[in-house]
Each structure stands twice: as C-alpha cells, then as structure tokens.
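Numbering of the sequence shown is given in the UniProt record's numbering, commencing with residue 1 and proceeding in unit increments.
Calculated directly from the structure, the hints in this document are not laboratory data.
Just so we're clear, the structure is a prediction, and the values are computed from it rather than from any experiment.
Please note that the accuracy of each hint is not assured.
As the list claims (entries may be wrong) - Once the Cα atoms are required to be at most 20 Å apart in a straight line, the calculated SDA-like pairs of lysine to any residue come out as: (1) LYS30 x HIS16; (2) LYS11 x GLU27; (3) LYS30 x HIS5; (4) LYS11 x ALA32; (5) LYS11 x VAL26; (6) LYS11 x SER28.
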Amino acid sequence: MLITHQLEVVKTICDHAALLEQGEIVESGKLADLLVTPWSRLRQSLLHDPQAEQEFLTRHGVQGRPLCGVA
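Please work from the sequences and hints to get the whole structure.
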C-alpha cells in the first residue's frame, strides 16, 4: 500500500488506486479506469488542473490538525 498526494507517483507505479476525501474512500478501482472516466468532482479536479492537488489539500485541511496523521 502507498499513501500519497502525488498524482504523478500514482500514475507511475500503481495499477489500482483509491481516492479519499476527508478520510473516506469516494472512488476506487483500476487506475486506467479512474484516469479515463473522471466521475467525481474530486477526480475531475485532480486530472484537469495541475494545481488542483495543492488547492484541494489547502481547502480541505482540518484547522489545527495535520492533513496526514501518519507520514
């Protein structure tokens, strides 16, 4: 298992992936399927906007808590 916010890393080494939003899995499956059919707003933003990853993390962070409890 690999946990990362780096979409390019996922594209390079993963066959399957899961997208989490606020700690909950919102989508999972074969990476090729996830990249071809952007269904959720989260996935659409990650795939179509190069700055989306950082902006998403900035918007959805919980104040006073780290974005990732284990790194």
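Now the hints, each set against the structure:
no., hint, in the structure
1, LYS30 x HIS16, "holds, 4 Å"
2, LYS11 x GLU27, "holds, 16 Å"
3, LYS30 x HIS5, "holds, 17 Å"
4, LYS11 x ALA32, "holds, 9 Å"
5, LYS11 x VAL26, "holds, 18 Å"
6, LYS11 x SER28, "holds, 14 Å"
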